[in-house]
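Student: Chains as they are written, first to last, in numbering that gives the first Met the number 0: chain X, 0 to 426; chain C, 0 to 360.
These are calculated hints, taken from the structure and not from any lab test.
Hints are supplied without guarantee of correctness; some may be wrong.
To list a few chain C residues with every Cβ distance to chain X over 10 Å, as calculated [unchecked claim]:
(1) VAL72
(2) THR100
(3) ASP102
(4) VAL213
(5) GLY249
(6) PRO251
(7) ASP276
(8) PRO323
(9) ASN334
Derived DSS-like pairs: lysine-lysine, alpha-carbon spacing no greater than 30 Å straight-line [unchecked claim]:
(10) X:LYS389 to C:LYS275
(11) C:LYS172 to C:LYS51
(12) X:LYS388 to C:LYS51
(13) C:LYS250 to C:LYS275
(14) X:LYS133 to X:LYS79
(15) C:LYS250 to C:LYS283
(16) C:LYS250 to X:LYS267
(17) C:LYS144 to C:LYS160
(18) C:LYS275 to X:LYS105
(19) C:LYS172 to X:LYS155
(20) X:LYS388 to C:LYS144
(21) X:LYS111 to C:LYS69
Cβ coordinates follow ideal geometry from the N, Cα and C atoms, glycine included.
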Amino acid sequence: MTDATISNADAPLLAADGTPLKEKLALTTRRMKMRAFLLTVPLVLFLILSFVLPIGQMLYRSFHNPAGSNVMPNFAKAIKGWDAEQGTPGDDIIKIFVTDMAAARKNREVGKTIGNLATRVNYEIPGSRSLFTKTARRAGKITEGPYFDALVKIDKRWDNPNLWRTLQRVTEDYTLSFYLAATDRKYDETGSIVLADELYRIYLPILWKTIWMSALITALCFIIAYPVSYLLSTLPLRTSNLLMILVLLPFWTSLLVRTSAWIAMLQKSGIINNVLVYLQIIADESRIQMIYNITGTVIAMVHILLPFMILPLYSVMKTIPPSFMRAARSMGASNTYAFTKVYFPQTIPGIAAGTLLVFILAIGYYITPALVGGSDGLLISNLIADHIKKTLNWSLGAALGTILLVVVMVFYWIYNKLVGVDNLKFG
Amino acid sequence: MKLTKLLASTAVGAAIALGSVAAQAADLTIVSWGGAYTKSQVEAYHKPYIAKTGTNVRSEDYNGGIAEIKAQVEAGNVTWDIVDVELSDAVRACDEGLLETIDHSTLPAGADGTPATEDFLEGTLYDCAVANIVWSTIFAYDGSKIADGPKTMGDFFDLAKFPGKRGLRKGAKVNLEFALIADGVAAADVYDVLSTPEGVDRAFAKLATIKSEVVWWEAGAQPPQMLADGEVTMTTAYNGRIFNAVAGEGKPFEIVWDGQIWDLDLWVIPKGANNKDTAFDFLKFSTATEQLAAQASYISYGPARKSSSPLVGKYHNKDIDMGPQMPTNPTNLANAVQSNFEFWADNADQLNERFNAWLAK
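Isolated chain X, as found in the complex:
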């Protein structure tokens, strides 16, 4: 009898249909999980389509530029094994080059025209664009060797082994050229990596400027937002709601409107200057330049990003009972001591969230510096936009974008080490 009871207890519990209860449970939870996951499928798909894929494509573009091999597929293969140390390539390679050029000249397919190759080489050797378009125009007429002499007759520059070395490099699909350019470096004539001429160095200085300006904007936002949030969280609800609307109203206003409002305020014939002149604080000739420079960018961006600091701070401060401060003071702590030891540490999650938000938003900000930055208030994002929209050097734009992405991730990582992402509190 007892034996039977024991063996019964060891036997798995069965569900109504005879399957073990454990399996049944696992199956049901798995189904539940699947169903829950299915609910997130639209979001996941949306993220993949609108976020992961474009960014991935951008990253890819920054080191993959097949212009060379697209335009001259045969030459790209032929030049691969050639060694630049032995002077210009042999006539067999150059014959393929000439035939490819003549064929590319007739090609009107997007991405495979001689113009695409010329643009690509022009990034490496500025001023060589017309060499390619010119040579391509005449390449069809070269029918017999020596092909090298025919090329040199068109332009003497073909007699330079370094030009062919560059051609060998650009016909490779994967390249570091754009990362070099994005960090103010380049391949020199012999193919080694050197720093760009000082007059042409722009990306690293602007990147540093973007970082310190973002830090400055974050600091200013914090200094302004902390007392405001404190006020909001301690005032009676009716008053604080009214003040909250004052914070949120600009937040809901279009970015362009807010930026333009700052132009109206700060420009030379703007409201602030007019008032100062009217009050005779400054003379009419010496109106202050407050916009189209770094000052303008910082003022406008601090204003625009302020709600991103106030809201997390407010939500954290709201949860700190006022009795804590009263208790500290009743036990003999001075106001400052109570603030630094009791109140401030409790607001750190809000500070952490606010500064992270503002800093990351600031470092990639585009439209405000473009409108009010003038010539020296530009940020790295404006240069990226320039390459995407104006110069059409998408690979360089992508390389700059990738570097910016990496910078943000590095900052996030450092931040995580210092504060801990678990401590963030957005509200």
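For this one, chain X is given, so just place chain C on it according to the hints.
Tutor: Coordinates of chain C only, in the frame set by chain X:
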């Protein structure tokens, strides 16, 4: 059940919305530079074309460059049917296979029967582009504020003689040429000098002398506004925009033609444009003798056809002779430079990079 209903109604709603968008889509989208310039095209090209064919025309503005064309062609959804571009952009876009090629023999003959290939000014017809006007970058000042105004390009760079802010287009193009002319280089030699590293240094050095006083502009409508607001004492600008402020709005601006850099604006048709055939039809219509001449009565840009010149008369609603306002007028051409598209196709990337680095310093 509820969810399906919701989804179904959303889908229906979306379908209706999409349908109405499709119904509103234009038969022809014409893209140009906006402001007074687009207005002159609307008056001279669009309106007569709509009257003649009943086409539903949509006019869009942009700030130049071939980025949008490239993006649309590469994405395979070309919504811009015909675009007004600068020469260097037209040549580059054509080189990269972004444009439809245009058979010049299909262009209408001049009013006097001259075939189009002879009627158009030299260097105004390209594989993928047909010029409509000759325009120019000049500099201008407010005549009511400076009595004895600047006369030469040198004066523009002379802060001692004419103190005050200067407006310049943001970018290397045109500014480097202006700087060299102001530094004493003859108009004919500008690109020879600029092709040497020393020449580029010289141009940047000259620009640096006024850098602290420069306000940079980007859109063509900005400089007349900056002059009117007193934001700048003098500014470079497109001559038509200044003329329009003078003739249309009665502003007391004066144009200085010395050292003007003239260039072409051309029609191009992006490859695979949605309404390609209509675009070709419009291109032929708008570059006919009469239309080009008509445009010149709305804005002071010179027509690209020889046969249009005699038809150019007065400003459309005022008694102003348009002839002397044209960049191509002999007195205005005295010390003029034609923008060299090949030079800029070769060097724009590098010089703009240096320009940006120089600006940020």
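Student: Confirm or reject each hint.
Tutor: Hints, verified against the model:
no., hint, result
1, VAL72, "6 Å, violated"
2, THR100, "7 Å, violated"
3, ASP102, "14 Å, holds"
4, VAL213, "8 Å, violated"
5, GLY249, "20 Å, holds"
6, PRO251, "18 Å, holds"
7, ASP276, "18 Å, holds"
8, PRO323, "33 Å, holds"
9, ASN334, "27 Å, holds"
10, X:LYS389 to C:LYS275, "25 Å, holds"
11, C:LYS172 to C:LYS51, "39 Å, violated"
12, X:LYS388 to C:LYS51, "36 Å, violated"
13, C:LYS250 to C:LYS275, "41 Å, violated"
14, X:LYS133 to X:LYS79, "25 Å, holds"
15, C:LYS250 to C:LYS283, "35 Å, violated"
16, C:LYS250 to X:LYS267, "21 Å, holds"
17, C:LYS144 to C:LYS160, "14 Å, holds"
18, C:LYS275 to X:LYS105, "22 Å, holds"
19, C:LYS172 to X:LYS155, "28 Å, holds"
20, X:LYS388 to C:LYS144, "38 Å, violated"
21, X:LYS111 to C:LYS69, "14 Å, holds"
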